[in-house]
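Please work from the sequences and hints to get the whole structure.
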Amino acid sequence: MDQNQAAIFDDRLLELSRHPLHMLVPGQFTDQLQAENALCGDQCILYLIREGETIRQVFFSGQSCTMVRASASVLTGLIRDYPVNSALYLAKTAIEFFRHPGQDVADLPEIFSVFLPLRQFPTRTKCLILPWQALSQLSLEGKK
Amino acid sequence: MQLESVVRPAEFDVLRIREDFPILNEKIHGKPLVYLDNAATTQKPLPVIDALRDYYLHHNANVHRAIHVLAERATEGYEKARQAVAEFIKARSERQIIFTRGTTEAINLVASAWGRKFVRAGDEIMLTEMEHHSNLVPWQILAQEVGAVLRFIPFTEEGILDVRRFETLLSGRTRIIALSHMSNVFGTINPIKRIIRMAHDRGIPVLLDGAQSVPHLPIDVDFLDCDFLAFSSHKMLGPTGIGVLYAKDHLLENMNPYQGGGEMISTVWLENSTWNEIPHKFEAGTPNIEAAFGFHAALDYLQSIGMKRVTLYEQELTTYALNRMKQVEGLNIYGDAPERGGVISFNIEGLHPHDLAQFLDQHGIAIRAGHHCAQPIMRKLNIAATARASFYLYNTFEEIDYFVDSLRKARVFFL
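Keeping their order, the protein sequence lines are chains A and B. Just remember that this note's numbering sits 59 ahead of the position in the first sequence, which is counted from 1. Just remember that this note's numbering sits 3 ahead of the position in the second sequence, which is counted from 1.
Derived by calculation from the structure, the hints in this document are not laboratory data. Do not take every clue at face value.
What the hints assert, rightly or not - Listed next, the stretches of chain A that the computed footprint assigns to chain B, with coverage defined by at least 3 CB atoms under 8 Å from CB atoms of chain B:
id	stretch
1	132 to 140
2	148 to 162
3	176 to 190
Unchecked claim - Below 20 Å or equal to it, Euclidean Cα-Cα: the simulated SDA-like pairs (lysine to any residue) are:
id	chain 1	residue 1	chain 2	residue 2
4	B	383	A	67
5	B	251	B	227
6	B	412	A	74
7	B	196	B	341
8	B	30	A	179
9	B	412	B	341
10	B	34	A	67
11	A	185	B	364
12	B	412	A	69
13	A	185	B	378
14	B	83	B	104
15	A	185	A	69
16	B	34	A	179
17	B	412	B	335
18	B	383	A	97
19	B	412	A	97
20	A	185	B	376
21	B	34	B	401
22	B	34	A	66
23	B	30	A	180
24	B	383	A	185
25	B	412	A	66
26	B	383	A	69
Unchecked claim - Some chain B residues close to chain A (C-beta under 7 Å, calculated; not the full set):
id	residue
27	86
28	353
29	357
30	358
31	381
32	385
33	387
34	388
Beta carbons are placed, not taken as given, at the ideal position from N, Cα and C, and that holds for glycine.
Here's what the structure looks like:
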């Protein structure tokens, strides 16, 4: 494998993309949230199963690239059994992390390190942000 | 295919041409740059770069105003650029050449200045399903404003316009037909001569979006008999920020100004104004003067090579690329028109175009990935995006070999 490719497409990232976690449309859900990338037309749809103020499960679907699938897999794995407020805080922190290459990764779970080499590519960070943008609409959109 | 059979260095010395483009010596991620994103914008030869520098070193002043040497030089250079454009597309007069910011502004100018005057509620504006957003959205805005109806000539599976359908769509309410000469997605060269003739038989004017065709084909507006032609400098070796609207005199004379301000007026009173002569009536404010100097240099450069030779070379490159790409497993090419230019949109099954573009970038290869400002085409093809390789006169057969080999590597890497 080319060294540059290896640096950008981390093995863990490729694995998450080839075998994404929670990529399906559940039979029932409480919230559906969506974000689109105007550059390429990709979309990420999140399906939340909530009990009150706690997110019990999250799934995703949509036409998407390696970056979106990996980022959505991380999201769906992380916010299971999260309080809504904590999930929203994580979404805000993650978006800032992707948008600001200089920002430390310390506040975020270790898995975010797979995305570090990609922050130098502003176009690809739009892909990474997509699932988190969808999640950040939760408080705005409420239940659907 | 044997390279010797297609390169023909005696006829088209691509290696000599490449020496004029310093950026082609750039290393990208440690690898030689292979620039295959020419449908988006082209690289600039030294004469263009020198013309921009020369303008600021020796001629910088505002045009059409002051009485001093620099202003005279700037004005002369700016108007000579207009003359060069007229000659390049074989327009009858430089009065028919309006400088704009680019193709998009040129089309907006027509939709606004011609459309608002001549299109009424219930009238029909005929477009095609394969338009770039720049030849779609301005007409949507006009239609919404005046209550007109948009009609669309469909395209077939091969990315070819259905001309028989076009004839049935024409009606007594069709006020204008606006279509791309060459598709920026399929590379299809549309049968515009036939469409223009059919339109003119019914007294309907035709606007051509020449953004992809004028840089690559010999153009003769008198022969085509188009009423409007829009194109950009930056897609034909010139600077960004300048483009052209060509139009027949009588259309320009009858149109209202597009923008108001300095330069476009004859006399101004507190309550009203009269307009300058064409083309100045449509050029409000200080124009992009240095870009006009650069654009002129780009036109001279292309003319020195000859547009017929450019076209022939690109056709050979495109045929070679299509043949080689079709051998890549899982690769689908969108568009299969017999008349086509050097734009190839494609996807590799299971591989997102953004991932492919990123992979190729790591190999020094620049392609485009996305919807190419043509979302309705993507929707009709039932895809979100494609990868796109597009060629120009400085690309080589060896670059295409490297590109195709890299496509195969991408498949292995991702799938």
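Tested hints:
| no. | hint | result |
| --- | --- | --- |
| 1 | 132 to 140 | violated (count 0) |
| 2 | 148 to 162 | violated (count 0) |
| 3 | 176 to 190 | holds (count 4) |
| 4 | B/383 <-> A/67 | violated (33 Å) |
| 5 | B/251 <-> B/227 | holds (12 Å) |
| 6 | B/412 <-> A/74 | holds (18 Å) |
| 7 | B/196 <-> B/341 | holds (16 Å) |
| 8 | B/30 <-> A/179 | holds (18 Å) |
| 9 | B/412 <-> B/341 | violated (30 Å) |
| 10 | B/34 <-> A/67 | holds (16 Å) |
| 11 | A/185 <-> B/364 | holds (17 Å) |
| 12 | B/412 <-> A/69 | holds (17 Å) |
| 13 | A/185 <-> B/378 | holds (18 Å) |
| 14 | B/83 <-> B/104 | holds (18 Å) |
| 15 | A/185 <-> A/69 | holds (18 Å) |
| 16 | B/34 <-> A/179 | holds (19 Å) |
| 17 | B/412 <-> B/335 | holds (16 Å) |
| 18 | B/383 <-> A/97 | holds (17 Å) |
| 19 | B/412 <-> A/97 | violated (28 Å) |
| 20 | A/185 <-> B/376 | holds (17 Å) |
| 21 | B/34 <-> B/401 | holds (14 Å) |
| 22 | B/34 <-> A/66 | holds (16 Å) |
| 23 | B/30 <-> A/180 | holds (18 Å) |
| 24 | B/383 <-> A/185 | violated (25 Å) |
| 25 | B/412 <-> A/66 | holds (17 Å) |
| 26 | B/383 <-> A/69 | violated (35 Å) |
| 27 | 86 | violated (39 Å) |
| 28 | 353 | violated (10 Å) |
| 29 | 357 | holds (5 Å) |
| 30 | 358 | holds (5 Å) |
| 31 | 381 | holds (6 Å) |
| 32 | 385 | violated (10 Å) |
| 33 | 387 | holds (4 Å) |
| 34 | 388 | holds (4 Å) |
The structure does not agree with the numbered hints 1, 2, 4, 9, 19, 24, 26, 27, 28, 32 stated previously, though it agrees with the rest.
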